[in-house]
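**Student:** For reference, the chains in residue letters:
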Amino acid sequence: DVVMTQTPPSLSVAIGQSVSISCKSSQSLVYSDGKTYLHWLLQSPGQSPKLLIYQVSNLGSGVPDRFSGTGSQKDFTLKISRVEAEDLGVYYCVQATHFPFTFGSGTKLEIK
Amino acid sequence: EVQLVESGGSLVQPGGSLKLSCVASGFTFSNYWMDWVRQTPGKSLEWIGEINTDGSKTNYAPSIKDRFTISRDNAKSTLYLQMSNVKSDDTAIYYCTRGFDYWGQGVMVTVSS
Numbered sequence: 001d002v003v004m005t006q007t008p009p010s011l012s013v014a015i016g017q018s019v020s021i022s023c024k025s026s027q028s029l030v031y032s033d034g035k036t037y038l039h040w041l042l043q044s045p046g047q048s049p050k051l052l053i054y055q056v057s058n059l060g061s062g063v064p065d066r067f068s069g070t071g072s073q074k075d076f077t078l079k080i081s082r083v084e085a086e087d088l089g090v091y092y093c094v095q096a097t098h099f100p101f102t103f104g105s106g107t108k109l110e111i112k
Numbered sequence: 001e002v003q004l005v006e007s008g009g010s011l012v013q014p015g016g017s018l019k020l021s022c023v024a025s026g027f028t029f030s031n032y033w034m035d036w037v038r039q040t041p042g043k044s045l046e047w048i049g050e051i052n053t054d055g056s057k058t059n060y061a062p063s064i065k066d067r068f069t070i071s072r073d074n075a076k077s078t079l080y081l082q083m084s085n086v087k088s089d090d091t092a093i094y095y096c097t098r099g100f101d102y103w104g105q106g107v108m109v110t111v112s113s
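Heads up: the sequence lines are chains A and B, in that order.
All the letters of the first sequence, read from the start, carry residue numbers 1 to 112 under the working numbering.
All the letters of the second sequence, read from the start, carry residue numbers 1 to 113 under the working numbering.
It is worth saying that the hints were derived from the structure and are not from the lab.
A couple of the hints might just be wrong.
What the hints assert, rightly or not - Derived BS3-like pairs: lysine-lysine, alpha-carbon spacing no greater than 25 Å straight-line: (1) B/76 x B/19; (2) A/50 x A/24; (3) A/74 x B/43; (4) A/35 x B/87; (5) B/43 x A/50; (6) A/108 x A/79; (7) A/24 x A/74; (8) B/87 x B/43; (9) A/50 x A/108; (10) B/43 x A/108; (11) A/74 x A/108; (12) B/57 x B/76; (13) A/50 x A/74; (14) A/35 x A/74; (15) B/43 x A/24; (16) B/43 x B/19; (17) B/43 x B/76; (18) A/35 x A/79; (19) B/87 x A/112; (20) A/79 x B/43; (21) A/74 x A/112.
This structure is a prediction, so every number in the text was calculated from the model and none was measured.
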């Protein structure tokens, strides 16, 4: 299975700060069609996961542009600019290139 | 508005069976691959499997293969997860998701004697 390593496991940031979360995969996530199926999700407290970013860098529907994703092959980053209170929760990366699809262990974002 | 509503979660004994349902609305269900994902208490997410648009093809995680079966009824816009020979490790919240872009609210399955 593809192992997704997320760091850091937790973050505590003040409102207005910027943060980055790293996700590294044990194999390249480039599929045979040339696309990279690496997505980012946010699970707010008591909620289901919500899609933030799909295919590395594309914003999900209704997601503010404070969120951005970059990366390629095996190394990916989610950046949140100007953190807001509503951004707290657990962030997951997930790869949907190789079976079985696998998730990172999550990064818990807390607001100072 | 896209909605996915799971049902069928309950307490089940080890070795028992359970069938979860997920009713979809707000989009053309028959046009989308669908997935099941679970989340064990306090832990990360685990992909269970997926089914193609007409139900003719499925892919499963090795951890549940041969015990769980995913199916769908496009006429009813409903996705199913048939769980059999369940184990205590199957205790989790089960989510249906449309390719990770929309998720249901989840349903709790507890395996215990």
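**Student:** Indicate, hint by hint, whether the structure satisfies it.
**Tutor:** Consistency of the hints with the structure:
no. : hint         : result
1   : B/76 x B/19  : holds (16 Å)
2   : A/50 x A/24  : holds (20 Å)
3   : A/74 x B/43  : holds (23 Å)
4   : A/35 x B/87  : violated (37 Å)
5   : B/43 x A/50  : holds (17 Å)
6   : A/108 x A/79 : holds (14 Å)
7   : A/24 x A/74  : holds (5 Å)
8   : B/87 x B/43  : holds (17 Å)
9   : A/50 x A/108 : holds (15 Å)
10  : B/43 x A/108 : holds (12 Å)
11  : A/74 x A/108 : holds (22 Å)
12  : B/57 x B/76  : holds (19 Å)
13  : A/50 x A/74  : holds (23 Å)
14  : A/35 x A/74  : holds (13 Å)
15  : B/43 x A/24  : holds (19 Å)
16  : B/43 x B/19  : holds (23 Å)
17  : B/43 x B/76  : violated (33 Å)
18  : A/35 x A/79  : holds (21 Å)
19  : B/87 x A/112 : violated (40 Å)
20  : A/79 x B/43  : holds (23 Å)
21  : A/74 x A/112 : violated (31 Å)
Consistency note: the structure conflicts with the earlier hints numbered 4, 17, 19 and 21.
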